[in-house]
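**Q** The task is simple: from the sequences and hints, build the whole structure.
Number of protein chains: 2
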Amino acid sequence: MTDGIDVLVHEVGPRDGLQSIQTIFPTEAKIDWIRTEAAAGVPLIQVGSFVPPKLLPQLADTGEVVAACKDIDGLTMTVLVPNLKGAENGMKAGAHMIGQVISVSEAHNQSNVRRSVQESLDDFARIVEHRDSDPAYADIVISGGLATSFGCTISGPVDPADVMRVAEGLVERGAQRLSVADTVGYGNPGQVKDLFTELYRTVGEDFPVGAHFHDTRGLGLANVYAALEAGVREFDASLGGLGGCPYAPGATGNIVTEDMVFLLESMGLRTGVSLDGLVAAREIMERHLGGEPTHGTYITAGPPKGFVPASKAA
Amino acid sequence: MTDGIDVLVHEVGPRDGLQSIQTIFPTEAKIDWIRTEAAAGVPLIQVGSFVPPKLLPQLADTGEVVAACKDIDGLTMTVLVPNLKGAENGMKAGAHMIGQVISVSEAHNQSNVRRSVQESLDDFARIVEHRDSDPAYADIVISGGLATSFGCTISGPVDPADVMRVAEGLVERGAQRLSVADTVGYGNPGQVKDLFTELYRTVGEDFPVGAHFHDTRGLGLANVYAALEAGVREFDASLGGLGGCPYAPGATGNIVTEDMVFLLESMGLRTGVSLDGLVAAREIMERHLGGEPTHGTYITAGPPKGFVPASKAA
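As they're listed, the protein sequences go chains E and A. Note that this note's numbering has the first sequence beginning at 61, numbered continuously upward. Note that this note's numbering has the second sequence beginning at 61, numbered continuously upward.
Since the hints were made in silico from the structure, they are not lab data. Where hints are given, some of them may not hold.
All copies of an identical chain are treated as equivalent in the list; a pair is satisfied when it fits inside any one copy or across any two copies.
Below, simulated EDC-like cross-link-like pairs (lysine to aspartate or glutamate); rule was C-alpha separation at most 20 Å, straight line [what the hints assert, rightly or not]:
(1) K145 x E258
(2) K130 x E88
(3) K365 x D222
(4) K152 x D121
(5) K372 x D66
(6) K365 x E232
(7) K365 x D219
(8) K114 x D182
(9) K372 x E179
(10) K365 x E166
(11) K365 x D199
(12) K145 x D121
**A** Below you can see the structure in the form of structure tokens.
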């Protein structure tokens, strides 16, 4: 954890947000957004995904975005990849962190990447091997994502034992970090607290674990609080709540970055992120949205009277 | 607590919701809404407020509403009153529970009811005396509300010691129940957990305590979860998130009843409330809204696949 930071904010809007809307952002607009949000103090930004351009034309320029953002001081650029091929491209482009996501639900994984969970785990191992094969890649962090960890739109409830099995599989294959996702907004705070508590027992309480929540049923920030209670100190969110999952019918909206930062800062947890800076970044993002809806409450309500963010009080 | 119920849902839309919108509901529409929501299993409904009709014409028919809903089986009708005069009217009309709200913030109490906190406490004592003066009123519960317990739009941060002082003042004067309100949506989950923990230490862990949260800054349901963790088992909410506080500039929206019930039921806490029934009640309410905005996520997303509410599993 960076000095003076209690909780890491991982902005996923430029990937998760953009992939779920029709509007294709100009590359320059993405870079402007990412620069502005990094300047607001966001330490991790998921700048895109290395997937076939035919599948997600919105993210076809991820290589260019990575190249253009390399010089941003202090920013960890993360990218998502569906398989080894994507990971190779991501490493070549210069991403700092490569995340492969495996759906804990077999049916969802098949639908998402046309592979069994075991095949995706095998792919994950090959990604780690590829990173290890080139000393130039030594600093690249490989993250293992666990999608549908709280339920699946195809098969319904997901057994926590399956989440633990996939988590162990990822760690055994060299994952340096896990990202546990409520891909379709099914999770509730009790479930969240229990699952992360069990996960830390499984992989060790010091293992870096992030959480990715959706606000589909209004429980996104309640789930963040529950995960905090369980010890999680890294969260994905999307500026203005942009995004969802194109493979999960009915899933609408990541949790809202600025609302989450307000939650954390108001609780006395330092994120190092400026709320004013996020509002500025949101304005830049919205200029290119072409009317796509955004979400959030902080943008309308502003801070409470007398509010001092933890990062400023420190 | 009623048998088979873990958490009490207190619908405040017909009071808190309606008082903050311009549309004046026909009395019959209110009654229809209340009947439908009671039929959905909501055990407590705040059906109105006994305030001068000139101040809140939207609630001028509260007496008629109370009279018309007396026969609803199992429903506890609550009403809000600003002072003794309102309480007298409420008791005469036949309300089951009378709530007087005192703002912990002196400035807010002055702005709201033109009284000091001490004067409002004196008034509370007179309300209890009035109830005790007539054996016909013996079953009426007197509830003490603590507004602005988590911050105030006029004076900013509120000292928890002041909340405890007002809470003790209310209990000493005969309050049988406390309702702690984040009137303007300033509270965060850490603060909520701490305040309720301290409150139970102050008034005793078995003292009936309800919580009233606003979703002004998106933390409403996170605050519900935090309060649950502290032991609170009764929550105010407003169907479709209708409402706010006319005296608190910028305050928008109670937490959404149906989203809160989804939160509770998904966590395994039985409310006895049917989500389908709430959706039906919301439809009735919306018919008369004249385009006033409503909120909520459950109404759009519906239940997760395979979801079994705790009340049905039991």
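**Q** A separate judgement is required for each hint: does it hold in the structure or not?
**A** Okay, the hints, checked on the actual structure:
| no. | hint | in the structure |
| --- | --- | --- |
| 1 | K145 x E258 | neither (33 Å within a copy, 55 Å between copies) |
| 2 | K130 x E88 | within (14 Å within a copy, 64 Å between copies) |
| 3 | K365 x D222 | between (46 Å within a copy, 18 Å between copies) |
| 4 | K152 x D121 | within (14 Å within a copy, 71 Å between copies) |
| 5 | K372 x D66 | within (13 Å within a copy, 41 Å between copies) |
| 6 | K365 x E232 | neither (49 Å within a copy, 32 Å between copies) |
| 7 | K365 x D219 | between (44 Å within a copy, 14 Å between copies) |
| 8 | K114 x D182 | neither (25 Å within a copy, 72 Å between copies) |
| 9 | K372 x E179 | neither (47 Å within a copy, 39 Å between copies) |
| 10 | K365 x E166 | between (48 Å within a copy, 16 Å between copies) |
| 11 | K365 x D199 | neither (44 Å within a copy, 41 Å between copies) |
| 12 | K145 x D121 | within (16 Å within a copy, 69 Å between copies) |
Of the numbered hints given earlier, the model fails hints 1, 6, 8, 9, 11; all others are met.
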